[in-house]
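> Take the sequences, apply the hints, and build the full model.
There are 2 protein chains.
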Amino acid sequence: MADDPPATEVLRAIGVPTLGDYLDGDFGEIRQGVREQLARPEFAAVDPEIKSSEYRQRVFDWSKILADEGQTNLGLPTAYGGGGNIGGSIAAFETLAFGDLSLLVKTGVQYGLWGGAILHLGTEKHHEEYLAGIAALELPGCFAMSESGHGSDVQAVGTTATYDIQNEEWVIDTPTEADRKDWIGNAAVHGRAAAVFAQLIVAGTNHGVHAFVVPIRDKRGKPLDGVRIEDCGHKLGLNGVDNGRLYFDSVRIPRLNLLDRYGSVSAAGVYSSPIKSATGRFFTMVGTLVQGRVSVGGAGVSVSKVALTIAIKHGDRRRQFGPPGGGEEVKLLDYRAHQLRLLPLLARTYALHFKQEELVKELDAVFSGTETDQHARRSLESSAAGVKAFATWHAIECIQTGREACGGLGYLSSTGFAARKADAEIFATFEGDNTVLLQLVAKSLLTGYREEFGDLNPIGMAGFIASQVIGRFVERSAARELWGRIWDEITPDSEEDGDLKKRNYQLALFAWREDHVLSGVARRLKSGIDDGYDPFVVFNACQDHVLAAARSHIETQILEAFSRGVDDCEDGNSKAMLDRTCDLYALSVIDEHRAWYQEHGRISSTRAKAVTRNLNTLCEELRPHAVDLADAWRVPDCVLPEFGPDGIVG
Amino acid sequence: MADDPPATEVLRAIGVPTLGDYLDGDFGEIRQGVREQLARPEFAAVDPEIKSSEYRQRVFDWSKILADEGQTNLGLPTAYGGGGNIGGSIAAFETLAFGDLSLLVKTGVQYGLWGGAILHLGTEKHHEEYLAGIAALELPGCFAMSESGHGSDVQAVGTTATYDIQNEEWVIDTPTEADRKDWIGNAAVHGRAAAVFAQLIVAGTNHGVHAFVVPIRDKRGKPLDGVRIEDCGHKLGLNGVDNGRLYFDSVRIPRLNLLDRYGSVSAAGVYSSPIKSATGRFFTMVGTLVQGRVSVGGAGVSVSKVALTIAIKHGDRRRQFGPPGGGEEVKLLDYRAHQLRLLPLLARTYALHFKQEELVKELDAVFSGTETDQHARRSLESSAAGVKAFATWHAIECIQTGREACGGLGYLSSTGFAARKADAEIFATFEGDNTVLLQLVAKSLLTGYREEFGDLNPIGMAGFIASQVIGRFVERSAARELWGRIWDEITPDSEEDGDLKKRNYQLALFAWREDHVLSGVARRLKSGIDDGYDPFVVFNACQDHVLAAARSHIETQILEAFSRGVDDCEDGNSKAMLDRTCDLYALSVIDEHRAWYQEHGRISSTRAKAVTRNLNTLCEELRPHAVDLADAWRVPDCVLPEFGPDGIVG
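These protein sequence lines are chains A and B, in that order. Residues 58 to 707 (the working numbering) are what the first sequence spells out, left to right. Residues 58 to 707 (the working numbering) are what the second sequence spells out, left to right.
Some hints here could point you the wrong way.
Since the list gives no way to pick one copy over another, a pair counts as held whenever it fits inside one copy or between any two copies.
Okay, derived cross-link-like pairs now, EDC-like style, lysine to aspartate or glutamate, Cα gap no bigger than 16 Å in a straight line [said to hold, decoys possible]: (1) Lys388 x Asp210; (2) Lys279 x Asp78; (3) Lys666 x Asp601.
Read the hints as simulated data drawn from the structure, not as lab findings.
Structure, rendered in structure tokens:
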């Protein structure tokens, strides 16, 4: 068509195994092992009409197989018989996310959360006592943090642990109904103990939230004295996981059951901690659980891959509407509207894949101790929060769009959208509500990563931030000096044809937006406080601006990671294909923010229209390669529906 | 804050019963009756672990109660013992959509589709023979249109009905596996007969698709000879509905079983029809089924009301995060981000409510015969398609956002999101895939409603349209002459503070966009064809533009309806509240299209920022009234979760 920009070099078909190997990365063998495991008959998908009670048992049995085969201690230290491979354990978890998500969450609770609490918050005595039993699933346990009254604001939990100096014991209590532990995985049926987060009180002084090992059931499964357990009941999804509620009535545990890495109490009742501030201490403890967020984000990416693989393969075969008077009908994926629905999601999945890969490496470095810089740790925590939010919302969108793109066939339980739609839904909420996580990201940006991560109380946030803002932007500008020259080049005057596909131009547009939104919100916060407004009113008036700052930052991070992923690829055809896919990701984000770029004089109205036009041509270019790009993700056939010559076999 | 525009007059609290009565409209008594019925113990929600087989029976029993109590013949002609109240029957259906959606769909299939096919496609003999039994649920039946190979392109179905002149019978056949009838409600268990859509063939001539009454089971439920029935199996939702597949192998039915309102065959095998063109005939037949789309759209609006009522009531009570150092925590709905997620959806639900009300009245007028103009009929068909697409996507969004806004509590099956999320999902696909419906809308706009509605073959569309375009825009401009002066006023130069809340300005912005997008796509189609490109290539290159044309039209229609709804309200406080809510709807749509308005020089970048700012202040103004606005929808308590002082009781 006359309006279209000139075509760039024609893409050549990729070697799917070559790109697949590149995507599998360092942990290819581990990933392949999990794929093979998923294909074993005993791991076949459950009947969708299975009763929850039976489903929970099946999931427990599955977990036991994994434990018996030694797959569940990959991330544990070698000193306790583990594999000492944190990155590999996340890769395994991500791959497991192709399959049943109740199994995924159950293992996440047992080995990641319960095991993680012991590993990261406990000390050697706890490691010696519990880790082997946890890895072997001989000691199923819970991570009892959330309460009915406090899901997001976990620093304000109501459960108390009061030190009884006479008996050298902790007394655990649930003061009111709102303080019951809620949504606790493994609690309703299988858990025998729990890492309970409670306000630590010694001689009337509250030292803030700490974690305690509290036995909750005997070996025969009967709740112990003083422990009341309720079943959360039937859920929208994940009914293979036994979520429950825990109430404690003067439950006594030994003094040494305090997980005391960041705070301990002597027999005589003297509290000590390597971290002075109670808030700082709490958020250091919560920070150790970053692994959970990285894992859930990775699972979100995997679920997106499954949903899109199904929809793309179907769209590549299913035909509807033919030329008037007969003749072969047109494949769904040859319709531009269908391409525009699926291919930008495919590109974004690639983008998130590369960002997730980097995050796993950072996590590995920080937790294996090769990276000890505090700034790196804060940056990891912030990235993990942001990518978790983006990847899980993205998964929900891919499932929704994928389902619709498969029409009625997408509605059959056998096709695979049904269970994933129900199960992955809560990914947006657990391990941190996505909106709350974006606020965390914004806060860490505004404070230059100098503050404890996690304290996102919006009411205190505004005033706090105002005092930090100046230094932050000095630091920031230094780090981004490189951009200076590029920014000068992206004024509307210098627009040239083809620029839109230059990576540096894209990166500059992303970074410019990030910087501008962030400094804008900083100015608004500061001036509101300076004008004497109530900090909550100040914060609230620009909360959407705060969230936009977080989003723009994460989007930039993701593009930068994708860009490095393209650069590092050594195979020519794969590299060219990734490059074009990266263009599609970049332009789809710029397209979303076309209004903003025009409002801020960064792109002209002419160029804004060119963005939309380029999205169209990129879809056209990538369409012949869409199936290859999906195949390179290596979603195993065992979790896909059967495809016939006309698409999904119903 | 300094940036905010000056506040307008303060909103006073509404009388919820007053606004509620206004919203209930002409059919208040009927709606109230259904609300009371839903509250009866026998209609209590099913256990989420119910087996499909049991669920299907429960839904059948519920339908039988409705039939026995005479509720199912409200829309049937009085001549056959019905209530002759088409509008009232839709109002009842909409209200039933507050409850179990399997029951809703089951009644839709039996009374709307199967009954509707007999009523609208049959003639007196068919009415006499079947209607009473259908209303009494003595003759459960199916609407067998969709096939595995043809879901959207139903004009191309493969099932054949061949006339056997010797025996004066039709022979019904399923030539290939792809031609089996698929997704047919009532087919797997309860249906005894079906309205089967098949290619009518007499003496080797195909006269196009017609509907035939085909018995499929005997009174004991056994499939009849030559009829093979399969169960579609477990679905993502709506498992109380027995969807099945039908295969016909030389099934013989009497000649008079052809539903012959639009085409009949004499005993001697002579075909005749009041409509000459086979395509025109087919789409007239399909057009009679507009009632199904209006009903599904209305159900979408109701489901949105349920989801938002839950989330808004919860957000008005649930607190999270307090001032540093203690003090009362903040209600979720007092956070701006929470308001921005929920209140524009509330406003859009109001907007759709008023549009839906108008649609029901148009439908009533057309189908009761008080409106006989063909243009009105085409316009109704187009509006029904557009509103169905918008309302059902909106429902999916409200459920998703509402669930997230309730956090973990939204994930409990008892809260009510679970079943609705699963069930309403397919609303985007059945009764016409939403994307396909938008194409229909665009086509009817481009042809000025002169063509048969429904023939959306994209490959034929472009060339066809090109020849029509000129006349269309002459006609259009005449009809909108009124706008002329206003358009002149909405150049960026004339921007004044406060304009954004002037209804005429909003309407002009919407209409200008509609007109501009539509003429733009018409030009592109025409020039593509004139340049000699293949019609499919032409169509495909601007398919996103085609869909944007449809969207802009529907958005304008909805705003116009909301605006009339505000004007017609006689209660002062309600009117002011609706007026402000209408502003929120209008500005949220303008905000979505800020990029476009800037690209086309219709609003300045300064004004674009003001749109976003006004969205914020409108949310702030409406927040204290959000619960009242939801309460006025009168979602019955029996379908809501229990609310305690802290929100949903989990």
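> Just pull the numbers of the violated hints for me, sorted ascending.
2
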